[in-house]
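Chains as they are written, first to last, in the numbering used here: chain A, 1 to 115; chain B, 1001 to 1113.
If you're looking for bench data, these hints aren't it; they were derived computationally from the structure.
One should not assume that every hint holds.
So, partial list: chain B residues that the calculated Cβ filter (under 8 Å) puts toward chain A [said to hold, decoys possible]:
(1) Y1031
(2) K1042
(3) V1043
(4) F1045
(5) S1048
(6) S1055
(7) E1056
(8) F1091
(9) T1101
(10) Q1102
(11) Y1103
(12) F1104
(13) G1105
(14) P1106
(15) G1107
Listed next, the in silico SDA-like pairs over lysine to any residue satisfying Cα-Cα at most 25 Å (straight line) [stated by the list, open to error]:
(16) B:K1042 to A:D38
(17) B:K1042 to B:H1010
(18) A:K110 to B:T1101
(19) B:K1078 to B:E1001
(20) A:K70 to A:N5
(21) A:K110 to B:R1109
(22) B:K1057 to A:P115
(23) B:K1083 to B:G1016
(24) A:K107 to B:I1060
(25) B:K1078 to A:G40
(26) A:K107 to B:S1058
According to the in silico footprint, chain B covers these stretches of chain A (three or more CB under 8 Å from chain B) [as the list claims (entries may be wrong)]:
(27) 35–49
(28) 102–114
Remember, it's a predicted structure, so these values are computed and weren't measured experimentally.
C-beta atoms are modelled at their ideal positions from N, C-alpha and C, and glycine is treated no differently.
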Amino acid sequence: GQQLNQSPQSMFIQEGEDVSMNCTSSSIFNTWLWYKQDPGEGPVLLIALYKAGELTSNGRLTAQFGITRKDSFLNISASIPSDVGIYFCAGQQAITQGGSEKLVFGKGTKLTVNP
Amino acid sequence: EPEVTQTPSHQVTQMGQEVILRCVPISNHLYFYWYRQILGQKVEFLVSFYNNEISEKSEIFDDQFSVERPDGSNFTLKIRSTKLEDSAMYFCASRARAIGTQYFGPGTRLLVL
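Produce the entire structure from the sequences given, and follow the hints as far as they go.
Given below as structure tokens:
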């Protein structure tokens, strides 16, 4: 089945540092999404990407949809303690192109920020 | 800001019992989903629902599972006879249109003893 390879699995950084994580797949996706999950809570959408090559920012977060449509990265600049959590990438194929509407999730990147 | 809500937040049940997990999607959304997340693992798709019928289901979603939209606001997931391996966080999600973002609820933590 479709799989997303997300890396790194975990990161330990100092407050103020920049962070980068990415997802790759052997399948093409038409939408890439990045979610953050705090312990015991549901995934919260951070950034949605709908076009290949698209670069989108949301505050200190920047994400890009790869040209091949098989990868995406998320950068967090100047990290702060509340950035702690698990970050998931998720891909979706277009229903209109015969794809599935389900989201396929990566395994997550656990981020720890030391003050 | 509208959000997806889920009840209960936690449910403990005995193996073999039936459970119903409830969700209230965002009010103008048309596409509804259930996902689950076993502790420490990634989020996995269970089922999608549109126009009062299942549009897709995963291998996990076997005959013990069913979904229903009994009225204009609720969307439920029923597990007929729970197994130990059904213990997980169950997330409901909804989406407004065919191409758009899925918004997740806070989840129901199900523990089967």
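To see whether the hints hold, each was checked on the structure:
Because the closest C-beta pair between Y1031 (chain B) and chain A is about 7 Å apart, less than 8 Å, the hint holds. Because the closest C-beta pair between K1042 (chain B) and chain A is about 5 Å apart, less than 8 Å, the hint holds. At its closest, the beta carbon of V1043 (chain B) sits 4 Å from a beta carbon of chain A; the interface hint therefore holds under the 8 Å criterion. With 8 Å as the threshold, the beta carbon of F1045 (chain B) comes within range of chain A, its nearest partner Cβ sitting at about 4 Å, so the hint holds.
At a threshold of 8 Å, the smallest CB-CB gap from S1048 (chain B) to chain A is about 6 Å, leaving the interface hint in force. Given hint, S1055 (chain B) at the interface with chain A, holds; its Cβ is 7 Å from that chain's nearest Cβ, closer than 8 Å. Interface hint at E1056 (chain B): satisfied, since its Cβ lies 6 Å from the closest Cβ of chain A, which is below the 8 Å cut-off. At a threshold of 8 Å, the smallest CB-CB gap from F1091 (chain B) to chain A is about 5 Å, leaving the interface hint in force.
Proximity of T1101 (chain B) to chain A holds as hinted, the smallest CB-CB distance being about 5 Å (cut-off 8 Å). Hint status for Q1102 (chain B): holds, given a least beta-carbon distance of 6 Å to chain A, under 8 Å. Checking Y1103 (chain B) against chain A: minimum C-beta separation of about 7 Å stays under 8 Å; hint holds. Given the 8 Å rule on beta carbons, the hint for F1104 (chain B) holds: about 4 Å separates it from the nearest Cβ of chain A.
With a cut of 8 Å, the hint placing G1105 (chain B) at the interface with chain A holds, because the nearest CB-to-CB distance is about 5 Å. Contact between P1106 (chain B) and chain A, as hinted, is supported at the beta carbon level, the nearest pair being about 5 Å apart and thus within 8 Å. Taken as an interface hint, G1107 (chain B) checks out: its beta carbon lies about 5 Å from the nearest beta carbon of chain A, inside 8 Å. For the hint linking K1042 (chain B) to D38 (chain A), the alpha-carbon distance of about 13 Å falls within 25 Å, and the restraint holds.
Taking the CA atoms of K1042 (chain B) and H1010 (chain B), the gap is about 19 Å. The hint holds against a cut of 25 Å. Taken as a hint, the K110 (chain A) and T1101 (chain B) pair is honoured in the structure, with Cα atoms around 23 Å apart against an allowance of 25 Å. Distance restraint check for K1078 (chain B) and E1001 (chain B): the Cα-Cα separation of roughly 28 Å exceeds the 25 Å cut-off, and the hinted pair is therefore not satisfied. At most 25 Å may separate the alpha-carbon atoms for a hinted pair to count; K70 (chain A) and N5 (chain A) meet this at roughly 10 Å.
In summary, the hint linking K110 (chain A) to R1109 (chain B) is supported, as the alpha carbons are separated by about 20 Å, within the 25 Å threshold. Proposed proximity of K1057 (chain B) and P115 (chain A) is contradicted: the alpha carbons are some 43 Å apart, above 25 Å. Among the hinted pairs, K1083 (chain B) with G1016 (chain B) is consistent with the structure: their alpha-carbon atoms are about 6 Å apart, no more than 25 Å. Our distance criterion of 25 Å between C-alpha atoms is met by K107 (chain A) and I1060 (chain B), whose separation comes to about 18 Å.
Of the supplied pair hints, the one linking K1078 (chain B) and G40 (chain A) holds, its CA atoms being roughly 21 Å apart against a limit of 25 Å. Our distance criterion of 25 Å between C-alpha atoms is met by K107 (chain A) and S1058 (chain B), whose separation comes to about 18 Å. With a cut-off of 8 Å between beta carbons, the segment 35–49 of chain A has 8 residues touching chain B; three or more are needed, and the interface restraint holds. Using a Cβ-Cβ cut-off of 8 Å, 7 residues of the segment 102–114 of chain A lie near chain B, which meets the minimum of three, so the contact claim holds.
Comparing the model with each earlier hint shows violations of hints 19, 22; every other hint is respected.
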